[in-house]
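Chemist: Given next are the chains, with one letter for each unit.
Number of protein chains: 2
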Amino acid sequence: MAAKFENAVTAAAGFRAAGVHVGVKTSNKEKRDIALICSDRPCAAAGVFTTNRVKAAPVLYDMEVVKTGKARAIVANSGNANACTGQRGKEDAAAMAAAAAAALGLDQEDVLVCSTGVIGQFMPMDRVKAGIAAAAGALSETGGRDAAEAILTTDVHRKEMAKTVDLGGIDVHIGGMAKGSGMICPHMATMLCFLTTDAVIAADTLRKALNEAVSRTFNQISVDGDMSTNDTVLILANGAAGNAEITEGGAAYDAFLAALKDICLYLAKKIARDGEGATHLLEASVINAKTEADALSVAKSVVSSDLVKAAIFGKDANWGRIICSVGYAGVDLDPTKVDISLESYKGTVTVAKDGCGLAFDEGLAEEILSEENVTAVIDLKAGSAAGKAWGCDLTYDYVKINADYRT
Amino acid sequence: MAAKFENAVTAAAGFRAAGVHVGVKTSNKEKRDIALICSDRPCAAAGVFTTNRVKAAPVLYDMEVVKTGKARAIVANSGNANACTGQRGKEDAAAMAAAAAAALGLDQEDVLVCSTGVIGQFMPMDRVKAGIAAAAGALSETGGRDAAEAILTTDVHRKEMAKTVDLGGIDVHIGGMAKGSGMICPHMATMLCFLTTDAVIAADTLRKALNEAVSRTFNQISVDGDMSTNDTVLILANGAAGNAEITEGGAAYDAFLAALKDICLYLAKKIARDGEGATHLLEASVINAKTEADALSVAKSVVSSDLVKAAIFGKDANWGRIICSVGYAGVDLDPTKVDISLESYKGTVTVAKDGCGLAFDEGLAEEILSEENVTAVIDLKAGSAAGKAWGCDLTYDYVKINADYRT
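Note that the protein sequences, when read in sequence, are chains A and B.
In case it helps, the numbering used here puts the first sequence at residues 28 to 434.
In case it helps, the numbering used here puts the second sequence at residues 28 to 434.
I should point out that these hints are in silico values taken from the structure, not numbers from a laboratory.
Among the clues, some could well be false.
Stated by the list, open to error - Derived DSBU-like pairs: lysine-lysine, alpha-carbon spacing no greater than 35 Å straight-line: (1) B:117 x A:408; (2) A:364 x B:364; (3) B:94 x B:364; (4) B:52 x A:52; (5) B:296 x A:56; (6) A:373 x B:52.
Keep in mind that this is a model prediction, so the values were computed, not measured.
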């Protein structure tokens with residue numbers, strides 16, 4: 028399975044993309060902010076959306092589109108979330124789909140719409156429509172990179188990954204791009220993620236695979252515990268690869284799902300690492316849990332704790348905060364059995380055993396925590412299930428960015 | 028109902044207290060760190076404890092003591108939490124009770140024990156025992172202030188309040204002291220709070236009143252969403268006032284509960300305001316909810332959001348983040364009905380109506396948010412229930428304190 032990290036969303040046959048600058052947010056003088064992704068033929072489509080009761084207009088719009096199991100294009104903007112914008116917001120989301128459809132020669136029902144940015148302001152539809160027209164004109168098979176840039180907000184780095192899977196001698200491609208940062212949250216992770224594939228797969232099967240992949244990846248990351256009004260993961264499968272249809276339970280399904288999970292995991296970790304102001308990627312790896320659900324809950328609780336996150340920023344092996352967050356994960360566990368180790372490329376140090384602290388080398392611990400990628404291994408000694416979650420540290424810059432984002 | 032804010036825990040007849048310095052944490056060269064509270068006669072006792080699965084040794088110890096409904100003294104230390112300290116920790120908690128009992132001429136079963144501070148280190152029992160003996164020698168009817176100081180950790184200010192209630196012509200006193208800061212949490216708030224009263228009231232009735240008071244006060248504050256291993260609220264009632272026994276359902280019960288709630292609310296708000304690094308007290312006031320439980324959940328969700336907290340620090344009227352946190356409170360509500368106003372002594376500004384933003388005076392909003400005490404009023408227009416919660420803003424100093432607390 029070869030992987031690539033640029034133009035990922037156009038890696039699959041039959042997909043073109045573009046990202047253009049139009050200044051959705053007038054203070055944005057340069058960055059691309061309108062993305063367009065389009066397939067040359069109809070696609071099976073599936074989506075996963077925020078569980079926040081407050082859903083942005085494009086989320087409500089897309090939820091209806093994916094019910095049909097079909098779509099062919101995605102139009103997205105950064106700079107304005109089109110959330111809490113009432114009836115006018117709904118009309119604007121529909122108008123974005125209509126504008127993209129007109130520019131692409133499609134029906135409005137073929138187009139999915141996503142927005143990310145500030146909540147509660149109306150979309151500057153004149154500029155947005157101009158941007159959509161420009162993006163349609165700029166579509167190309169190497170436009171994935173520009174599209175990936177266009178959906179970023181406070182993200183520092185593009186997030187892209189594509190893989191090739193051999194299904195019975197036929198190369199099938201899957202690619203994805205994502206944006207995260209801030210409001211990365213419990214339950215449905217966050218963010219926008221758009222996935223494309225040329226696999227032949229029915230919408231129901233595609234939805235099942237997407238849900239499975241998202242639950243172990245995007246739903247297991249946390250930047251600040253806030254759940255956005257706009258969180259959306261979309262996947263389009265256009266069948267251009269011509270493989271035998273992927274059906275549940277078969278080897279091809281397993282291979283497809285494995286690649287999809289790999290891509291989602293890579294993008295999810297990139298989002299966690301790229302959390303606002305972050306300097307570390309923190310992985311919580313829970314082992315020997317009674318159930319996978321227990322392991323996932325405990326891991327998520329650890330990476331979501333502000334106190335743990337601040338300690339990681341301070342390179343402080345404060346395992347007391349880790350075990351504390353294990354304790355309030357809502358999982359039935361025996362705290363007197365919990366072992367905790369901290370790991371990075373620099374080594375491993377076991378800091379607690381059977382719920383109690385150990386004497387450990389503080390110098391080594393600090394060295395381990397100086398690495399960018401740090402893992403806390405939590406052994407519950409209660410069974411054989413495991414689960415992971417990812418988060419970032421809590422830094423001065425997080426506060427700085429979020430004390431002054433809107434204005 | 029007269030109120031006083033010093034020596035509160037010794038305001039009730041028959042209670043003496045002391046707070047001494049012994050250097051539980053060797054880096055603590057001056058601050059008092061051993062507190063002792065003692066009644067001159069037996070007391071009815073009740074407690075509320077952390078729901079964290081990881082409970083500190085003194086919490087486990089006290090849970091057994093309060094089951095008897097009786098106690099007579101409280102010994103507490105700051106600087107070391109005696110949490111995650113295994114069998115030795117349990118022995119140390121019992122030894123603290125035994126040392127206090129010996130110094131006071133009581134039985135060990137009469138003494139409740141609390142600890143707060145660093146997790147996972149053994150108690151320096153020689154120093155702690157010396158401190159307990161010194162505190163016993165220093166007990167006085169004006170020792171409440173010293174005791175209140177002795178339980179502080181990163182708290183900046185003592186938190187004390189006492190009230191006098193006239194029950195059928197007899198003055199009954201209730202007083203309390205608390206410590207908070209950091210690890211102020213969901214469910215059971217946080218912190219230590221010790222309450223004393225000279226009321227005649229049975230243990231069962233006392234427990235009922237305490238639970239009722241805690242659920243609307245300490246359980247509705249949040250500093251960082253972390254739930255400590257040591258959270259404890261204790262109350263001792265020694266009956267010295269000689270009032271007719273307070274029984275549930277009577278007017279005396281209502282008056283007693285009202286005063287107890289006032290004290291708990293005052294202390295809870297002090298804890299929220301005194302959150303690590305905080306510069307604002309944020310109140311979320313949810314009105315016209317379907318049920319009180321809905322209102323309490325939504326209010327708690329708002330004050331717990333890092334993004335809301337960072338916006339308040341930045342004096343940014345970012346109502347989008349408020350409505351977003353309303354949306355993920357886990358409450359069934361109609362986001363298109365939500366109105367949001369921001370209030371302080373400087374005035375009121377309505378920033379959202381029916382789930383959408385309003386044009387509002389940004390200058391006025393910033394002026395309102397420049398006040399230390401800020402309220403977000405969230406009108407759900409779904410019923411007639413109401414509920415409040417309190418939190419603080421998220422600041423650079425929070426990160427600074429918590430990136431470097433343990434070492």
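Chemist: Which of the listed hints are not met by the structure?
Modeler: Of the numbered hints, 2, 3, 4, 5 do not hold.
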